[in-house]
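Participant: Here are the chains, one letter per residue:
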Amino acid sequence: MKVILSGNEAIARGFYEGGGKVVSSYPGTPSTEVTETLAESYKDKGIHVEWAANEKVAFEVAIGASLSGVRSMACMKHVGVNVAADPLMTVAYTGVNGGLILMVADDPGMFSSQNEQDSRHYARFAKIPCLEPSDAQEAKDFVKKSFEISEMFDTPVILRTTTRISHCKSVVELKDGEIIEGRGLQRDFQKYVMLPVNAQKRHVFVEERLKKLKEFAETTELNIWERGSSALGIITNGISYQYAKEAFPEASFLKLGMTWPLPENKIKEFARSVEKLVVIEELDPIIEDTIKAIGVEVHIGKNRFPLCGEYSKTLVYEIVSGEKVEKKEPLTNLTKRPPTFCPGCSHRGLFTVLSKLKPFVSGDIGCYTLGALPPFTSMHSCICMGASVSGAHGIAMGLKTQGIKDKPVAIIGDSTFIHSGITGLINMVYNQGDAIVVIMNNDTTGMTGGQEHPGTGRKATGEETVKLNIEKLCQLIGAKRVIEIDTYNLKELEQIFKEEMEKEGPSVLISNDPCVLRYRVSKKPLSVNKEKCTACKMCLKVGCIALTFIEKAEAKYTEIDPLLCNGCTVCQQMCKFDAIEGGEK
Amino acid sequence: MRVFNVVIAGVGGQGVLLTSKIISETALLQGFDAKQSEVHGMAQRGGSVISHVRFGEKVYSPIVSEGEGDLLIGFEPLETARYIHFLKKDGIVLYNTYRVSSITVSIGAEKYPDDIDEIIRKNAKNVFALDGTKLAVEAGDKRALNVVLLGASLKFLPLDKNIVLKALENSISKKVLAINKKAFELGLEFFNDIK
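Residue numbers (this note's numbering), protein chains in the order written: chain A, 1 to 585; chain B, 1001 to 1195.
Bound-form chain A, shown alone (with noise of 0.2 Å):
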């Protein structure tokens, strides 16, 4: 049967149909729905779907699966291996009893992400195999094939997408589910227990390993050479052989599925085969530089094509023909659209509230990192999941040495708080800081979509299970000050502000109001009584896309979109004339 799937719901297909058995992941655009795809559609299949506290986690998750003898997979943004880093480098010395796979979605052009990391670096430094599908059937078919490699060479594997791959669909084919018997839990203490005495002889048969990766590398059916005119040689690899394949399609082209270790041979008969050789990949010129290391010479590669954002037809065909293509601008000086907080969002208030005080405020990763656009202009770092508490901490200690009191704010999600901001309130209340954490706990993983997590008290299936009391935790960490905020409330909100910035030692504030786009909380619109409003744009500073200044000759006033408007009150409280009218209390 032939369907359309996303790269990501194809994944989830091939890890069905490749007879993978557990899968642990943190969500990440643009990795989240492979995870979520196997929670909804494939949950009664056997196989064991679960959001993880963060991606080390998740792998450490699966490498045990793998251990106890079932193929297993965990699935992260690029930045997310970053975290999971520390389980890969060593697992990649033990190797895997069930075929083991970190699958990762890159984001060129970073349309969600905090940086534009190649991940294949992972794959050259653990020196394990990293394959790259180009369309969503090869992202199906890559699983099984990376779970045969797995077992195979005794080696973790790095399934590499971008967000074109995991976010566009096209026609797969589907199959059954295979069988995999299971191999049961092994006990070997040389392979798996990394004393030195056993990583010395592993690291050894790592490269042993990789030696035989190359040799396959020559020979599998993932590197494919298609003949085409001698003219023109392409080697490319994801996305960008579908972007080179529509801009000469009469070239002949080396599409690597398996982008390490690279098939060296192959491209040095390739290179001789054509006149002109072009390599074209994303990101960092991970190909071309082993290219260019066994002696192969390059005519077009990063010497034209750029380092940051991602490809495209026109990109690719004007950077190798050396033409401009004639093409439309897009219209200037348009209104622009940036994204923003949902009418309602429970970040709002709080935001409101810290753009009229004025701390520093440390973010984080998730929605709340949009109160650091106009109008709140009210963040001023975000470096990583959950380095918004260390990070104050860090302030808050340097102005100390500095003898300036200025008492720093850090704004951290629910699921951030798990996945890492744990670890930095611990360590705040050991080192006695002095800072403000707010965490916003809103009951999901908002920016990626609404999942799950340790204190939504439920599974990624849905089911119930223990939730995580986050204030608990909090207390039982050590923190004195444990306050429940309610951001709807903006003077009690600006008053206990107040009262903690003139308080020594940590503040740990939680707001525990629900996400209205994920629980759909709606109340009744407000309207603007015209006669009221005076035009003076208090209301304005609250940044809600539900009210529209409106400026004619016989009058200025501030409108609200009853279709939009979702009743939180907070443009209301801003009025000082009682001109924003309902609301329920």
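Be a bit skeptical, because a hint or two may be false.
Mimicking SDA-like on lysine to any residue, the simulated pairs with C-alpha atoms at most 25 Å apart in a straight line are [what the hints assert, rightly or not]: (1) A:Lys552 / B:Tyr1098; (2) A:Lys214 / A:Met89; (3) B:Lys1058 / A:Ile224; (4) A:Lys530 / A:Gly478; (5) A:Lys405 / A:Pro359; (6) A:Lys327 / B:Lys1122; (7) B:Lys1058 / A:Glu226; (8) A:Lys336 / A:Pro374; (9) A:Lys523 / B:Glu1057; (10) B:Lys1166 / B:Gly1047; (11) A:Lys175 / B:Gly1031; (12) A:Lys324 / B:Val1003; (13) B:Lys1174 / A:Glu500; (14) A:Lys467 / A:Asp44; (15) A:Lys336 / B:Glu1057; (16) B:Lys1134 / B:Asp1114; (17) B:Lys1089 / A:Thr534; (18) A:Lys2 / B:Leu1017; (19) A:Lys556 / B:Asp1115; (20) A:Lys328 / B:Asp1070; (21) A:Lys324 / B:Arg1002; (22) B:Lys1088 / B:Pro1158; (23) B:Lys1175 / A:Arg518; (24) A:Lys328 / B:Gly1047; (25) A:Lys552 / A:Thr534; (26) A:Lys211 / A:Ala293; (27) A:Lys358 / A:Lys400; (28) A:Lys328 / B:Lys1166; (29) B:Lys1058 / A:Arg227; (30) B:Lys1111 / A:Glu559; (31) A:Lys324 / B:His1085; (32) A:Lys336 / B:Val1003; (33) A:Lys336 / B:Glu1118; (34) A:Lys358 / B:Gly1108; (35) B:Lys1174 / A:Thr461; (36) B:Lys1142 / B:Ile1116.
None of these hints come from the bench; they were simulated from the model.
Please arrange chain B on chain A, whose structure you already have, making use of the hints.
Facilitator: Chain B alone, transformed into the frame defined by chain A:
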């Protein structure tokens, strides 16, 4: 058949992705190769959203290039203008005239262009406008806008109405099927007079 290129643009939350999904699934049911591209995550939080659908005998790139689009389906006027350069010279614009404010407008940093409809007409030859939001409300739910536009777009897409309807039925829950069927019909009938 050569590759037919559709660009669908709107505001996060308007249901651009469902419309794209149904068009690409219909194309597959009619025996075409089809690819669709979209973006999730941060881009969806009330921001500008673009989705690409391409179908034909064989499709490689899942992205429509600038100047290549046969049809632009705009869910909102400003977003229609933002992606109008994706259309080829004689490409068709079909757009919903109901305006959705942007956050930059709401905070008073920018103005919503009063002459947005003129801007669209000035930059494309074949422009078809409808108040799809009004029709969706008439069908019973403002959120059925995506299905109104799906219906209306069939005037310009080489796809079979009955197969689209089948794909639609497979994609939405039974609870809202009646409203969506009504929305589909209202959209379908809207451009009936046009040859």
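Participant: Tell me if the straight-line CA distance from lysine 328 (chain A) to glycine 1047 (chain B) falls inside 25 Å.
Facilitator: holds, 23 Å
Participant: Assess, step by step, whether the Cα of lysine 336 (chain A) is no farther than 25 Å from the Cα of proline 374 (chain A), and give holds or violated.
Facilitator: It holds: about 12 Å lies between the C-alpha atoms, which stays within 25 Å.
Participant: Take the C-alpha atoms of lysine 336 (chain A) and glutamate 1057 (chain B), compute the straight-line distance between them, and say whether it is at most 25 Å.
Facilitator: violated, 37 Å
Participant: Just to be careful, I want the Cα atoms of lysine 336 (chain A) and glutamate 1118 (chain B) compared with a cutoff of 25 Å; is the pair within it?
Facilitator: This hinted pair holds, its Cα atoms lying about 18 Å apart.
Participant: Does the alpha-carbon distance linking lysine 214 (chain A) and methionine 89 (chain A) stay inside the 25 Å limit?
Facilitator: Between lysine 214 (chain A) and methionine 89 (chain A) the Cα gap is close to 19 Å, so the pair holds against 25 Å.
Participant: Does lysine 211 (chain A) pair with alanine 293 (chain A) here, judged by a C-alpha cut-off of 25 Å?
Facilitator: holds, 16 Å
Participant: Need the status of pair lysine 336 (chain A), valine 1003 (chain B): alpha-carbon distance at most 25 Å?
Facilitator: violated, 31 Å
Participant: Lysine 1111 (chain B) and glutamate 559 (chain A): Cα distance at most 25 Å?
Facilitator: holds, 14 Å
Participant: Does leucine 1017 (chain B) sit within 25 Å of lysine 2 (chain A), going by the straight-line distance between their CA atoms?
Facilitator: holds, 20 Å
Participant: Quickly compare the C-alpha distance for lysine 358 (chain A) and glycine 1108 (chain B) to 25 Å and report which way the hint goes.
Facilitator: holds, 21 Å
Participant: Is it true that the CA of lysine 1089 (chain B) sits at most 25 Å from the CA of threonine 534 (chain A)?
Facilitator: Violated. Lysine 1089 (chain B) to threonine 534 (chain A) sits at ~48 Å, over the 25 Å cutoff.
Participant: Tell me if the straight-line CA distance from lysine 523 (chain A) to glutamate 1057 (chain B) falls inside 25 Å.
Facilitator: violated, 49 Å
Taken one by one, the earlier hints fail for this structure at numbers 4, 9, 10, 13, 15, 17, 28, 32, listed in ascending order.
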